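Q: One-letter residues, chain by chain:
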Amino acid sequence: MSAAATGAVGTALTRIEARAKVTGEARYAYEHTPPDAAYAVIVQASIAKGAIRQFRAAHALAVPGVHHVIWAGNAPQLGEEAGGELAVLQSRRVAYRGQVVAIVVADSLPTARHAAGLVEIDYEAESHDVVLREDHPRLYKPEKVNPTYETDTSQGDVDAGLASAVVSVDATYRTPAEHNNPMEPHASVAIWDGDDVTVHDSNQGATTHQGSIARAFGLDTERVHVISEHVGGGFGSKGTPRPTVIAAVMAAKVAGRPVKLAATRQQMFDITGYRTPTIQRLRLGADGDGRLTAVSHEVYEQTSTLEEFAEQTATATRKMYATPNLHTAHRLVALDVPTPSWMRAPGECPGMYALESAMDELAVACGIDPVGLRILNEPSVDPETGKPFTSRSLVECLRVGAARFGWHERDPMPGIRRDGPWLWGTGVAASTYPARRRQSQAIARVEGDGHYRVMIAAADIGTGARTALTQVAADALGVASAGVTVEIGDSDLPPAMLAGGSMGLTSWGSAVVGACERLRELIADGIPEDGAQAHYDTESDVKNEEPLPAHSFGAQFMEVRVNADSGEVQVVRGLGVFAAGRIINPLTARSQFLGGMTMGIGMALHEESILDVPYGDYLNHDLAQYHIPACADIEHLEAEWIDERDDRINPLGAKGIGEIGIVGTAAAVGSAVHHATGVRIRALPIVPSRVLEALGGRT
Amino acid sequence: MRPFRYERPGDPDAAIALLASEPQARFLGGGTNLVDLMRLGVEAPPLLVDVSRLGGDAITEAPGGGLRIAAGVTNSRLAADTRVRERYPVLSEALLNGASGQLRNLATVGGNLLQRTRCPYFQDISKACNKRSPGSGCSARTGDHRNHAVLGHSEQCVATHPSDMAVALTALEATVETRADGGERALPIADFYRLPGEHPERDTVLEHGELITAVRLPPLPAAASSRYRKVRERRSFAFALVSVAAVLTVSDGVVDEVRLAFGGVAHAPWRARVTEDRLRGAPAEEAAFTAAVEAELARAEPLRDNAYKLPMLQRVATQTLLDLAGGS
Chain A
12 MSAAATGAVG TALTRIEARA KVTGEARYAY EHTPPDAAYA VIVQASIAKG AIRQFRAAHA
72 LAVPGVHHVI WAGNAPQLGE EAGGELAVLQ SRRVAYRGQV VAIVVADSLP TARHAAGLVE
132 IDYEAESHDV VLREDHPRLY KPEKVNPTYE TDTSQGDVDA GLASAVVSVD ATYRTPAEHN
192 NPMEPHASVA IWDGDDVTVH DSNQGATTHQ GSIARAFGLD TERVHVISEH VGGGFGSKGT
252 PRPTVIAAVM AAKVAGRPVK LAATRQQMFD ITGYRTPTIQ RLRLGADGDG RLTAVSHEVY
312 EQTSTLEEFA EQTATATRKM YATPNLHTAH RLVALDVPTP SWMRAPGECP GMYALESAMD
372 ELAVACGIDP VGLRILNEPS VDPETGKPFT SRSLVECLRV GAARFGWHER DPMPGIRRDG
432 PWLWGTGVAA STYPARRRQS QAIARVEGDG HYRVMIAAAD IGTGARTALT QVAADALGVA
492 SAGVTVEIGD SDLPPAMLAG GSMGLTSWGS AVVGACERLR ELIADGIPED GAQAHYDTES
552 DVKNEEPLPA HSFGAQFMEV RVNADSGEVQ VVRGLGVFAA GRIINPLTAR SQFLGGMTMG
612 IGMALHEESI LDVPYGDYLN HDLAQYHIPA CADIEHLEAE WIDERDDRIN PLGAKGIGEI
672 GIVGTAAAVG SAVHHATGVR IRALPIVPSR VLEALGGRT
Chain B
149 MRPFRYERPG DPDAAIALLA SEPQARFLGG GTNLVDLMRL GVEAPPLLVD VSRLGGDAIT
209 EAPGGGLRIA AGVTNSRLAA DTRVRERYPV LSEALLNGAS GQLRNLATVG GNLLQRTRCP
269 YFQDISKACN KRSPGSGCSA RTGDHRNHAV LGHSEQCVAT HPSDMAVALT ALEATVETRA
329 DGGERALPIA DFYRLPGEHP ERDTVLEHGE LITAVRLPPL PAAASSRYRK VRERRSFAFA
389 LVSVAAVLTV SDGVVDEVRL AFGGVAHAPW RARVTEDRLR GAPAEEAAFT AAVEAELARA
449 EPLRDNAYKL PMLQRVATQT LLDLAGGS
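Chains A and B are the protein sequences, given in the same order. The numbers in this note's numbering rise by one with no breaks, and the one at position 388 of the first sequence is 399. The numbers in this note's numbering rise by one with no breaks, and the one at position 202 of the second sequence is 350.
If you're looking for bench data, these hints aren't it; they were derived computationally from the structure. One or more of the hints may lead you astray.
Stated by the list, open to error - Residues on chain B that point at chain A, a partial pick, calculated with CB under 8 Å: (1) ARG289; (2) GLY291; (3) LEU389; (4) ASP400.
All figures in this text were calculated on a predicted structure; none of them were measured in a lab. Even for Gly, the Cβ is constructed at its ideal location relative to N, Cα and C.
Given the sequences, and given the hints that come with them, work out the whole structure.
A: What follows is the structure in structure tokens.
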């Protein structure tokens, strides 16, 4: 049956919960306060490696209103599946500075915080190793990189390709550790009722968290109820459970009453994940015309001693350009640091920064326009598999963007546009992100009066997913958006993929369309309308789909001014043109693209978690010290998209848009800085001290 | 956070008496720094004495010229004051380059003068810091000190003073008026702040129980030609890597009046007297400005990772003087 043309998809529907959010009616996890709730505060390790020798809680417990101090010596034993970061208080060993070593439970938050400072811990400290280096003796080759990509790939003979090159680039790029910092911290309110536990939790997927919590506590899945109706951002850090939710559920079990726990902003730099720092060596070779003869991308990055997290940094390089000789490799070292985790476009974001920066260097070395160089090396098929892409509109993005940005007027000569101390320049980079989906289920139901309800444990982390799903359901049901209520954010709803990997809407939307179409069939078959309901599970659709190379693409153009006296860099103009399949809601999609690009500008110019080597943790652990762009830092930023509908990948024809906006931005900014100044800065962020150092005595 | 008492006395003498009664008590202005430090456990005063509503929120013409700014005036109001903008633009610009609009609406002049360093080690009670905990050591010397001092630091402390306003006040030779149990005094701002030396825990010469009542700006016609230039990693909102407060007038191509102070480079706003002495009567041109700033920075002692501040300050100070020379 064909979807009725109500036209809900594609319209700029404003957020359904906007009013509830701006009036404060919408309640976030920590705003739930059950009667008799207690407050839990985390105590963190003050050494980077070693073990707890002596633990004294007496002073903390002596504070009136303090009821429990939980630590490895008295914590309930968790299930065997609570491994790595989630094995909260299961050992006296300390794997990194800031790790959870105790939980204080009290009647009020101020009391709990005060008492947390009175817990006395003696450590057996060991010397720590926290610095990532490309020559680290303990570098190793992981079995796979996230989630299941090949660690290394090799096609042709890269050495021969480089040897035969007329022009080549051999450059090493460095990106620092970066922290996600959603506005709402990781927060959980845990309420036990016998063997059942309900958790109001700030996360990117109620189903995922339900399963993980159940396994950690050795419970049947249905004993755990996770509610995440509204979530104030995640950027990947809430995709999989962090120690905070385990700590909350554990504390509530010990206390025998509901417990509220929220990470502080400072704690979010220790225990809620971050993007690994990377060191990336790029070697490109090209013939006299600029055609790539070889691409080699070698990545060095870190994980913790608790568990392996192998960021898939070079995987995008396998998809981008035509070359007979292509080599990619990942090496990891397990350091005494917190475990890195998912952060917006994990892999593609840092990897494309390096690849696209190197492409710009190659363009300069070849004397070819950087837009033209990319078009020249556009592959006809996926370079990795040899199969055609389901759709690939990179060249169109580059052409449309170049025209809109005024690229053709650009003089490629660097360092010649000057206004007082300010040097001006422009840069371009390509973006890509995989288009995928995962199994999800949904129920669609007739509510009476022609109203429909759609239920799925999807997550709206500020993206507008609830609104977009309403539009998808409305079109599938053949009614107006106002005729559909979409219920999400609750593990009691049909299980669903988490909001991550730009797979939320494509995964959920597939299930929603399936359920809605089934419901229409039921109605068409004459089932009484009122109360009719249909269920759909995309399991077999997803399992049986042919593995085709499916990616979003984009082109980013950035203009900067660089102050030659001070080294200050400002992005004055940015344009992103994307091809990401069908756009469900142009309003919220634009916000996703612009948000990603803004985060990319932050990556280029500001974001850096500074490693405090002597102590072993990240030093600048608040938003006064860890800078991200504020609205006032963004002048003119535009996002556009080209018409693309890819019906081979899912019934929506959409590809997912949460991540592609950040991919490539930093490379475009870095190349613009080179165009402005004539100096190449190969380490992020491009802060004034780095610019001055690169400029040397030049003014 | 530890439990504390909060008092809001009706007059300055009562506030001073209350504070004197408790050695660890603190005056509370807008609270934009102190409350943060309490949350972090850096400050744990058993008593807060709120002086933000003691009526001292007027900006008045001082006898003999100049302006008297009561300690409770907010940063926003001071920055917007027409007399300040016309007669002392460097001060207005410094204020508007500091913090965010929301913070400026709360922060007071007295509190701004007394804000503490943003050295990350000072703000983290799990790490050693001589300023916070005398004798515990300076973590910044061996750790991260990219944003730390290049002038006037000691073995004990390499922190910088965070205020933009105070840098402008230093260039303007403002006077800080205080009141205590023993009476009132007026401290030239150059004597108000101290370098860390052996006692980095002391930012100023104020005694416990001494209350800032006002800041006085002297009459300084030259200050109509003044500006504040701040270099920071984020344009919208960040502390200074380096900053320059400059007053400059030129007659017949020769420097007439010059006042110069640097921020972000020392434990206190740094008055560039060497530069000033060299420039008075010198030709108002780039070579002279460059040499004069260079002479000031000759005594700098950059740390392992913050030597970038010297060329940055050298160029920005020179450019600021050039801009002022071109405009006067």
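Q: Which of the listed hints are broken here?
A: 1, 4
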